[in-house]
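Go ahead and model the full structure; you've got the sequences and the hints to work with.
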Amino acid sequence: MPSSAPQPEQLQLSSDGRTPNSPHPVLVYRQLPLNGGYADRFEQLFASHLWPAQWRATVYDYHHYHSTCHEVLGVARGWARLMLGGEQGVEVEVRAGDALVLPAGTGHCQLEASDDFLVVGGYPVDQPYDALRPDESTHDQAQARIAEVTVPISDPVAGTQGALVSLWRH
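Everything in the sequence shown is counted per my numbering, starting at 42 for the first residue and increasing by one.
These are computed hints drawn from the structure, not numbers from a lab. Every value quoted in this text rests on a predicted model; they were computed, and no experiment measured them. Don't be surprised by glycine CBs; every beta carbon is placed ideally from N, CA and C. All clues stand as given, with none of them false.
Simulated DEER-style distance windows between Cβ atoms:
{"#": "1", "residue 1": "128", "residue 2": "194", "range": "29 to 39 Å"}
{"#": "2", "residue 1": "81", "residue 2": "176", "range": "35 to 45 Å"}
{"#": "3", "residue 1": "177", "residue 2": "64", "range": "15 to 25 Å"}
{"#": "4", "residue 1": "157", "residue 2": "185", "range": "31 to 41 Å"}
{"#": "5", "residue 1": "202", "residue 2": "152", "range": "30 to 40 Å"}
{"#": "6", "residue 1": "72", "residue 2": "179", "range": "29 to 39 Å"}
{"#": "7", "residue 1": "171", "residue 2": "91", "range": "18 to 28 Å"}
{"#": "8", "residue 1": "85", "residue 2": "50", "range": "20 to 30 Å"}
{"#": "9", "residue 1": "131", "residue 2": "184", "range": "12 to 22 Å"}
{"#": "10", "residue 1": "210", "residue 2": "119", "range": "25 to 35 Å"}
{"#": "11", "residue 1": "74", "residue 2": "177", "range": "34 to 44 Å"}
{"#": "12", "residue 1": "72", "residue 2": "201", "range": "14 to 24 Å"}
Rendered as structure tokens:
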């Protein structure tokens, strides 16, 4: 990604007692200037910043979060409405060319999507993937795991000079 990477939108979410969320903001990059097919370009971009892509699919249509890793989602095709932060969270519409960086604990769920909606998902190289559903009985244990997830050395979109590096290390 060239040094002219756009600045991301920031969404600050907090725990609702079921979904832990994170003290770090969600980063939403809009309409990234990638040439060629978005899926391949997102995979190359994420890998170049040590966030290798692990899958191509859609976003689960139920609320979930990751307690052991951060996640990047690159929208390769179509559009979707996502709910971030849990059942009482924030709706976000994403389109091909957008990327979301979700800190560990961020609830996310697909509410609606075009038939061709496709996402490339990745995680930092040293962080194992898990998926949990929001639940009061597991919230505190998950929050403790989330607090142990390290801040990556680079932003999956803009590298070591990206917004994640400055915003998540304060």
